[in-house]
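Just so it is clear: in the sequence shown, position 449 is 637 by this note's numbering, and no numbers are missing.
Just so you know, these hints were derived from the structure itself, not from any lab.
If you're wondering where the values come from, they're calculated on a predicted model, not measured in any experiment.
Note that beta-carbon positions come from the ideal geometry of N, C-alpha and C, so glycine has one too.
Don't take each hint at face value.
[As the list claims (entries may be wrong)] What follows is a set of in silico ranges between Cβ atoms, one per label pair, in the way DEER data are often shown:
| # | residue 1 | residue 2 | range |
| --- | --- | --- | --- |
| 1 | Gln467 | Lys579 | 29 to 37 Å |
| 2 | Asp381 | Lys586 | 22 to 30 Å |
| 3 | Ala517 | Lys586 | 26 to 34 Å |
| 4 | Lys641 | Ile273 | 46 to 54 Å |
| 5 | Glu310 | Asp353 | 17 to 25 Å |
| 6 | Lys832 | Glu722 | 24 to 32 Å |
| 7 | Lys317 | Asp825 | 27 to 35 Å |
| 8 | Thr410 | Arg669 | 39 to 47 Å |
| 9 | Ala708 | Asp381 | 32 to 40 Å |
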Amino acid sequence: MPKFLLKRWHGYPVIALFVTSVVLVSIITYFHWMIGMAGFVLLGGLFYYAMKAEASFQEELGDYISTLSHRLKKVGEEALMEMPIGIILYDEDFKIEWANPYMGALIEEESFIGHSLNHVSEELIPHIKSDAKEEVIKINTHRFQVNFKKEDRLLYFFDVTEQLDLERLYDEEQTVMAIIYLDNYEEVTQGLDDQFRSTINSKVTSVLNEWANVHGIFLKRTSSERFLAVFNQRILYELEKNKFSVLDEVRESTAKQNISLTLSIGVAAGTSSLPELGQLAQSSLDLALGRGGDQVAIKQTNGKVRFYGGKTNPVEKRTRVRARVISHALSELVADSDKVIIMGHKNPDMDSIGSAIGILKVAQVNGKDGYIVLDQANIDIGVQRLMDELKETESIWKFFISPEEALELASRDTLLVVVDTHKPTMVIEEKLLSKLDHVVVIDHHRRGEEFIKDPVLVYMEPYASSTAELVTELLEYQPKRLKMRMLEATALLAGIIVDTKSFTLRTGSRTFDAASYLRAHGADTILVQKFLKEDLNTYTRRSKLIESSEVYKKGIVIAKSSPEDAYNQVVIAQAADILLTMNGIQASFVIANRIDGRVSISARSLGDINVQMIMERLEGGGHLTNAACQIENSSIDEAEIHLKRIIDEYIEGGEEE
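All chains should be built: construct the whole structure from the sequences, respecting the hints.
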């Protein structure tokens, strides 16, 4: 603040002081007139000096205000005309009325007054018509943040090129960590002589080292089947652009040696913390392996996951060591609990019910009570026939309870076993997951992003035909006193038969071993056929759905129901299965309204097309050859348009995503 502003003397305190002084001098004059007169002379002098000072203050203040106004006007003119900020005024027709010289230099024209805003950038008018307050646009080689003052029809342009370049550079230099794992190295090299194993090792290492050198990646082998890779975000963009072609290179190079080796890669990005990157990379690798391997999972700190690869079916493990270990671990968990509650997914199928009955047997053989959660209002006709049969066997039926009863029975020491799903939103009663701390997950589906939080035991094998197959193997390693009833064995066998389409899809040698074990324990194949019988009306409705099918692209057929018809999920899935048996069809998609009002898409493939990745783009999931999704608030036609767009992207990009 200028010093002369501090010289001001007037104000009520000063006036009061003068008045008081006059009064006191008057009193003094009354008693001693000579001293009083001297006082009046002194006060008069002081008053004269104060008035002169005030006049001087007023003059200086006026000069200052005049100078300040001039300076402000000059600064405003310089800001408009000389500062590196673009300013444009436009009229109601989006034509330029005025622009400062900076804008003229920017678009390299002397005069563009009267031209449309499209002359500057075709992005401007659409942004003005929208509700945008500010946007970044590109003009020539520069990028500008444009602030829209729509009420004044005014645009401000701020050059943010350097700022965005710095942000991009920072982003590209972020550290990325990856763990590379040879999925089936132990199984493939087991029994090979040292020389051939060394050849395979050399071949794989050579391919990976060449890949690392080309892209500038630090690669270190940490074990016979595991590598550590460190690179940056820019290199990750390049790898994603070519869809991690190293997966194909390793698979094809080892195939020439009559060996089928595949890679799984867990990638972590999005944080500068190296310990956090390491944990994310391991979590990504677990996710890739849980989905069957031969793919890349890229996980960031925000929880987003991207997938690449997944072109091959999961390879069946030849040994049952893991099944035996899991079986013993499950026995210990059961023994430490007060009771066992078993729960499958909503709208349970034969596999879900059969595997639940198998786990019930595991609980009983270990001396604990087990209960199966069932919502009888949401089961299909095949499962209903099984339920009708179970109701006649009181020793089994009494252990089926409703979700409400399960919540009442659950205690602190209760063990919850989730079968045939690993997604919290798909279980029959999600509240049980939050109420119980001890949760076991047994599933044969490829692992998705959504997963039950902190389970104490996970047994997920994507190579398995069904969860019933996995549970049957667990039963084989339970105590020898285990005695299965005919109906229990039949329910497990029904689960295997349904999920393999009578042993035609996803069937390995261990699938037949499990079926043989169940048959030896009294499973009735005739009873299974009875459960799977369908009525004439269902057959007719399914045929009508199939009749609507059309070949969309070579090898891909799409069928859709009429908007007024509604189907249950089983009929939709069966229609997709039947379409896949047609000559020349590699993948089938059936779109139909479900009875609950949602639109369902069932997808099937012979293996060349990964329908799981396509369905995941629609918030669904499943297997490489068998997947589905349910869409909320959509029509049949909208779902078809969305599906076709994703199929086109899949085919054009060559990416199973």
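Given the range 46 to 54 Å, decide if the beta-carbon distance of Lys641 to Ile273 lies inside it.
-> holds, 51 Å
C-beta pair Gln467, Lys579: status relative to the range 29 to 37 Å that was hinted = Violated - the Cβ-Cβ distance for Gln467 and Lys579, about 49 Å, lies outside 29 to 37 Å.
Take a look at whether the Cβ-Cβ distance between Asp381 and Lys586 falls inside 22 to 30 Å.
-> violated, 58 Å
Kindly confirm whether 17 to 25 Å is satisfied by the beta carbon distance between Glu310 and Asp353.
-> With a Cβ separation near 23 Å, Glu310 and Asp353 satisfy 17 to 25 Å, so the hint holds.
Should the hint that Ala708 and Asp381 are 32 to 40 Å apart at their CB atoms be regarded as holding?
-> holds, 38 Å
Using the Cβ atoms, figure out if Thr410 sits within 39 to 47 Å of Arg669.
-> Distance hint for Thr410, Arg669 holds at roughly 45 Å.
Outcome of range test on Cβ distance (Lys832, Glu722; 24 to 32 Å) = holds, 30 Å
Could you tell me whether the CB distance from Ala517 to Lys586 stays inside 26 to 34 Å?
-> Hint holds: Cβ distance 28 Å, inside 26 to 34 Å.
Using the C-beta atoms of Lys317 and Asp825, is the stated range 27 to 35 Å upheld?
-> holds, 29 Å
In summary, the structure is inconsistent with hints 1, 2 from the numbered list given earlier, while agreeing with the others.
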